[in-house]
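Peer 1: Kindly generate the complete structure, drawing on both the sequences and the hints.
There are 2 protein chains.
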Amino acid sequence: MRLSRFFMPILKENPREAEIVSHRLMLRSGMIRQQGAGSFSWLPLGKRVLDKVNQIIREEQNRAGAQEILMPTIQSADLWRESGRYDDYGKEMLRITDRHDRELLYGPTNEEMVTDIFRSYVKSYKDLPLNLYHIQWKFRDEVRPRFGVMRSREFLMKDAYSFDLDYDGAKAAYNRMFVAYLRTFARMGLNSIPMRADTGPIGGDLSHEFIILASTGESEVFCDRAFLQMEVPDENVNFSDDAEIAGIVEKWTTPYAATDEMHEEAEWSKVKGDDQLSARGIEVGHIFHFGTKYSEPMGASVTGPDGQEHLVSMGSYGIGPSRLLAAIIEASHDENGIIWPEAVAPFQVALINMKVGDEACDGACETLYDELTAAGIEVLYDDTDQRAGSKFATADLIGLPWQVIVGPRGVKAGEAEIKNRRTGEREALPLGDVTKRLGA
Amino acid sequence: MRLSRFFMPILKENPREAEIVSHRLMLRSGMIRQQGAGSFSWLPLGKRVLDKVNQIIREEQNRAGAQEILMPTIQSADLWRESGRYDDYGKEMLRITDRHDRELLYGPTNEEMVTDIFRSYVKSYKDLPLNLYHIQWKFRDEVRPRFGVMRSREFLMKDAYSFDLDYDGAKAAYNRMFVAYLRTFARMGLNSIPMRADTGPIGGDLSHEFIILASTGESEVFCDRAFLQMEVPDENVNFSDDAEIAGIVEKWTTPYAATDEMHEEAEWSKVKGDDQLSARGIEVGHIFHFGTKYSEPMGASVTGPDGQEHLVSMGSYGIGPSRLLAAIIEASHDENGIIWPEAVAPFQVALINMKVGDEACDGACETLYDELTAAGIEVLYDDTDQRAGSKFATADLIGLPWQVIVGPRGVKAGEAEIKNRRTGEREALPLGDVTKRLGA
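So the sequences go chain by chain: D and U. Counted the way the numbering used here counts, the first sequence spans residues 800 to 1239. Counted the way the numbering used here counts, the second sequence spans residues 800 to 1239.
If you are wondering where the hints come from, they were derived from the structure by calculation, not from laboratory data. Computed from a predicted model, the values in this text were never measured in an experiment. We treat Cβ as the ideally placed atom computed from N, Cα and C, and that holds for glycine. There may be inaccurate statements among the hints.
Only part of the chain U face toward chain D is listed, based on derived beta-carbon distances under 7 Å [stated by the list, open to error]:
1. 846
2. 870
3. 872
4. 895
5. 920
6. 940
7. 953
Peer 2: What follows is the structure in structure tokens.
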């Protein structure tokens, strides 16, 4: 993509409304634009990252056996009356009346609708386990939306719902999502730490928040340093093997880890002093087993191997991709801008032409652009007539993993400079070696 | 994908509410489920087709120079007051009030919001041409939603908006979308015919509906048979060459073509009798130049090369992917079910094991499944314990382009049978040749 054609409105000034760094950097780099209270448009740069985040989430959901569907944003109030939540849900629910005076709502979540889908079709234990997910817009009418896409009113959510014959099946389904989440966040370059979360009236211990550490995080968290060294299962992990998956969950739930809310001093004091890590974190995912909370009032049951009807045991599993994207920036930036992990970077390479109009520079850049593109590397080619200093600032701000800098002196020597955005390391390379170097 | 694990709830009976064939087949094949009046969930089979349709639309929009963004579904009433449409738009607009009594609406379209984005950032003619599109849910509160996803209330729309300095630029932008639409529908296996549409108070001739022919189409259309032979530009078409693109548009707008609404008997009578094709059609896209209709009230202008402010000249370009999917089925089915064009088929191959549990059949199927998958061919493997007759009926109903049938007798002879869903042709092949045959 040529920057001269790419709609990426960089802001020179720090927007006053942005209280946190991710919000500031997303506005400044032209990734998003605020359209109203807690409502944002995704501009081309932001949309590219959002697509990559969604794609990783999708691949890991599929790998773990979940199936993608797509439910509508607008739901009927009657459905929510069946579970009792239409009256219980407070002012965060956006309630709507249509032209025929039917009561509707903009879905803040989809337990009721997916349970309704399930009960319409699934009648036998033979069709279980089943896990259905979608990636769809939600709306929660927060009193005070803020922090950009970190706490907006209209936001994207991946919500998965599992259906099983009994608690053991539900626990295995829960474990699969647990491991899928570890892999999802690791692929995005994040250290995520599963922390036990409140199960409220449901009870039990099957609720975890996945927290990433970031000095600008929203809440205080406490965990054993051991987590930082633990290995995330690779792509050959066998999701059909309940015991293998349970073993991984066991390993990842043994060291101490707790959010402020769930922190227990007595347990914490058992962690060796050197291993105590108290830091700030951001919640990027939440998984939750809730048993028959919806299947009972809504009559979602299957015939079991015993010939009897069994209410299905359910769980839900959420990731907010729009929020997650902001969290990645909170965890990965410096004073000059964003530092994208490779897997979610909007482009891999910023190709910077320091002297547009100079025949040698233009020629070298066009050749590199074609070579890199042909090698499957995504390039944003800065072919604008901005000053070199401004180009460097933009490249640092938008945080692509690599910068390839082409100037008159270098070209004369047959060289380009490559810069690693994260480490700042620079290296001069023969023009002909750049693509090979970056394609590795 | 193994059918035993795939959530595809086939209905044996014809659903009574379905008045048209696409609605009936989408419900019967478990592609969609109705959630309320004009509101549908996309189940896994339907979601796969929707993704493919969206991807083709996206590739062709990008090729023509449009850039993808993503605007929110909920919009502020104030924005629509600027254009005057908040009061003009009738009861089809879903109006909403939030907890702070602010007036919102569920976007039925996005001219106002995209114009607002444009005016916030773009100040100079040097940043033109610009075309921004998104694929996002819309809501129109139809009095009587019907025909499934063909006329639903919540529906997906690809809407693109072009911004240019003057009419000539806008016309070139219009032409690019015209050609992109020809390519988009052709890639989905559809013959689309651009027909002049009403421009109302805007005037001029820059408004076309793209119509596909289907005997079950919603409206009567009249055109020259010449369209059926015309070649759609291939992927090397040069969207940077305004003259080349204008030439293609010229060619595609010369023969007679009109919807019932725009039909002129005098012009029609000039078409040779043999060439007169009067048929039924379905609108699958609409492109429209509307000049300064929004830029004027909303103050969207740029500085021109003359140093003066110019209101930008705009156009909008819509395709409804959910509706389009139904239109494909209307145009491509038989009495046994859907016949998917290759490019949008949810899977390429139905692999049918006629005797699950038979060691030889199971072994041959597993090998074929692995081979086909490794060759990048999407396979739905029917490994269920249904009767063979029921498996054949399901495969015909869901309309995958190829069926690979593995039965005990064939396996003994080292053969499988392949069936082309469209032609019905069957062919016995050595097991080892199946993948090569289908991968070609």
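Peer 1: Taking the earlier hints as the rules, which of them does this structure contradict?
Peer 2: No hint contradicted; all consistent.
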